[in-house]
Amino acid sequence: MMTTRILEGLGRLYIFLLLAFLYLPIIIMALMSFNVSPFYQLPFEWTTEWYASLWQNDQLISATWNSLEIAIITTIISVVLGSAASLALYRYEFRGKKVLQALLFPPIAIPWLITGTAMLIFFFGVGIGRGLFAILLGHVALALPYVIVVVSARLQTFAPELEEAARSLGANQWQVTMRVTLPWIMPGVIAGGLFAFAVSFDQFVVSYFLSTPGQTTLPVEIYAAIRKGFTPEINAVSTIIIVVSMALMLLTARFFKFGGEK
Amino acid sequence: MAGVQVSNVSRSFGAHKALDNVSIDFADGGFYALLGPSGSGKTTLLRQIAGFDFPDSGRISIGGESVERVPVEKRRIGMVFQNYALFPNMSVADNVAFGLSVRGEAKAVIAAEVQRALDLVQLGKLGGRRPHQLSGGQRQRVALARAIVTKPRVLLLDEPLGALDKALRVDMQIELKRIQREIGITTIFVTHDQEEALTMSDRIGILRDGRLVQEGPPEEIYDRPKSEFAATFLGDANIFRGDSTGNGIRLPDGTAIAAGVGAALAAGAKASCAVRPERIRIATDGGASDATNANMLKGQVSKRIFAGNNSTYFVERAGQTLKVIVQNTGADRLAEGQNVVLRWSPESTVLIAAS
Numbered sequence: 001m002m003t004t005r006i007l008e009g010l011g012r013l014y015i016f017l018l019l020a021f022l023y024l025p026i027i028i029m030a031l032m033s034f035n036v037s038p039f040y041q042l043p044f045e046w047t048t049e050w051y052a053s054l055w056q057n058d059q060l061i062s063a064t065w066n067s068l069e070i071a072i073i074t075t076i077i078s079v080v081l082g083s084a085a086s087l088a089l090y091r092y093e094f095r096g097k098k099v100l101q102a103l104l105f106p107p108i109a110i111p112w113l114i115t116g117t118a119m120l121i122f123f124f125g126v127g128i129g130r131g132l133f134a135i136l137l138g139h140v141a142l143a144l145p146y147v148i149v150v151v152s153a154r155l156q157t158f159a160p161e162l163e164e165a166a167r168s169l170g171a172n173q174w175q176v177t178m179r180v181t182l183p184w185i186m187p188g189v190i191a192g193g194l195f196a197f198a199v200s201f202d203q204f205v206v207s208y209f210l211s212t213p214g215q216t217t218l219p220v221e222i223y224a225a226i227r228k229g230f231t232p233e234i235n236a237v238s239t240i241i242i243v244v245s246m247a248l249m250l251l252t253a254r255f256f257k258f259g260g261e262k
Numbered sequence: 001m002a003g004v005q006v007s008n009v010s011r012s013f014g015a016h017k018a019l020d021n022v023s024i025d026f027a028d029g030g031f032y033a034l035l036g037p038s039g040s041g042k043t044t045l046l047r048q049i050a051g052f053d054f055p056d057s058g059r060i061s062i063g064g065e066s067v068e069r070v071p072v073e074k075r076r077i078g079m080v081f082q083n084y085a086l087f088p089n090m091s092v093a094d095n096v097a098f099g100l101s102v103r104g105e106a107k108a109v110i111a112a113e114v115q116r117a118l119d120l121v122q123l124g125k126l127g128g129r130r131p132h133q134l135s136g137g138q139r140q141r142v143a144l145a146r147a148i149v150t151k152p153r154v155l156l157l158d159e160p161l162g163a164l165d166k167a168l169r170v171d172m173q174i175e176l177k178r179i180q181r182e183i184g185i186t187t188i189f190v191t192h193d194q195e196e197a198l199t200m201s202d203r204i205g206i207l208r209d210g211r212l213v214q215e216g217p218p219e220e221i222y223d224r225p226k227s228e229f230a231a232t233f234l235g236d237a238n239i240f241r242g243d244s245t246g247n248g249i250r251l252p253d254g255t256a257i258a259a260g261v262g263a264a265l266a267a268g269a270k271a272s273c274a275v276r277p278e279r280i281r282i283a284t285d286g287g288a289s290d291a292t293n294a295n296m297l298k299g300q301v302s303k304r305i306f307a308g309n310n311s312t313y314f315v316e317r318a319g320q321t322l323k324v325i326v327q328n329t330g331a332d333r334l335a336e337g338q339n340v341v342l343r344w345s346p347e348s349t350v351l352i353a354a355s
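From first to last, the protein sequence lines stand for chains H and G. Positions 1 to 262 (the working numbering) are the ones given, in order, by the first sequence. Positions 1 to 355 (the working numbering) are the ones given, in order, by the second sequence.
Hint data in this document are derived by calculation from the structure and do not stem from the laboratory. Careful, some of the hints might be misleading.
Unchecked claim - Calculated cross-link-like contacts (lysine to any residue; reagent style SDA-like; alpha-carbon spacing at most 25 Å): (1) K151(G) <-> P131(G); (2) K97(H) <-> P131(G); (3) K74(G) <-> R95(H).
What the hints assert, rightly or not - A few chain G residues facing chain H, derived, Cβ under 7 Å: (4) S66; (5) V70; (6) V72; (7) F98; (8) Y222; (9) A256.
Remember, it's a predicted structure, so these values are computed and weren't measured experimentally. Each residue gets a CB set at the ideal place from its N, CA and C atoms; glycine is no exception.
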């Protein structure tokens, strides 16, 4: 009895420390975005001044919109292409399939610094150059393997008889996919989409290489702002983004049980 | 409704001949069992009839129409899968409605047809449930309702009762047979369970290594098997091997066994005799023969297995173990180690050409 109680206490402490490790820096940053002192000085004095001045910072706001736009388009493109690719890899046997599957994984492991350099050289070579379109292309290329990995993992739990049953009932390939297969892999598609969104929205290195001054994404803009001199506006914009993205995550987790069977 | 003709169908996967020149005529409205061990080609044959896979050669027709190159979704068949394959993201009613819905039927028509199909399988009130909320037997019924609601020309069942426990399986056998009679649909049923094949079907086709071994009504196959394999796969049989005497065989030790049914074989050819265990009478040694033309062998009981309504005796003779099943009539049971005499009539003995 005594030992189980001690173990239970240790378990709780462990979880508390883990959560503290994950969230403490974020909480402090969020608090400081409401602190009067721009230099993290205590005592804490409440203000929304930084949020107000953030509203005046056109550069930061336009970078935020760029980031959101690119992340959303990246998500849509990579989810559609990635899900279709996963279905093809699941359903069909074709020459070179094994090689293709093997080659899908390394891009995840290649450092972004190297991918970014390679993309910059390549885009210049083919005449695309730098800019928002180049960033979008780069992000789709980075996000695609994640979507394929997640959707393919979900497809592994799919019973192929379900497609056969649907066909035996007269459904054509499109009806089978839309009404039987897609509903089953939906949690994988959503999770893959979240990955794609995160890869794009968090992306610094590749965006930095491919952006032109003035036409850039939020992480690059934040980096530039910090180099010029730190302002609590950065805390403010970061806090807004964290709140929005956590709400998005929690909502998704609420509606789709990731990896759940039912 | 329609009959199904399979003519000279062959199908290979690499070097493996899954189906080797199989021809069967499935009569309109009949209940047909395809029986065989795993790897015998019975499921491959069912998938050819369904249209999931196409034969390398040969013809398949449904209702007189050639279909061997028609994909499954255009064949108008109904199929029940081994693990039911119910769509987990849909309610029971939506599962049943699927076939009508992809066809673009009107909502009101679909609702009425679905209700009728669910009533037929006695699940009229469970339309709103999800598949995972149903028991195995209920899922089986939903799968059946889903397969027949589109009024297919033929119903294909791939070991549909394999996942159910024994008691439920017997219930479902009766139920399936009732529904099949009620709608009169040609039904082809794949199973490896010989009892199921015997009790349910009008005709049985036995497959082995991709070939059709024997085909006919269950009584005919049971009473007059044409091969040792058919004799031992459908039911139990004692097999004696020796040389044909024209109307029986002579065992290597000189004992003659008279056969009243089976193949007509020239004397001297290698041949076998098959005798069902329940056709043999067993008596203690020294008892008088009660029939002049009875086959007779002496042996010793090595084992007795009591199963309530009957007992199985294993009797040793000349290096062979024979199986005898005796109904529990209240007569004295024989002890292990006892010397016995086995007698059976030539009419119970089937002469089979050596395979």
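Comparing the hints with the structure gives:
no.	hint	verdict
1	K151(G) <-> P131(G)	holds, 22 Å
2	K97(H) <-> P131(G)	violated, 35 Å
3	K74(G) <-> R95(H)	violated, 29 Å
4	S66	violated, 19 Å
5	V70	violated, 12 Å
6	V72	holds, 5 Å
7	F98	holds, 5 Å
8	Y222	violated, 32 Å
9	A256	violated, 54 Å
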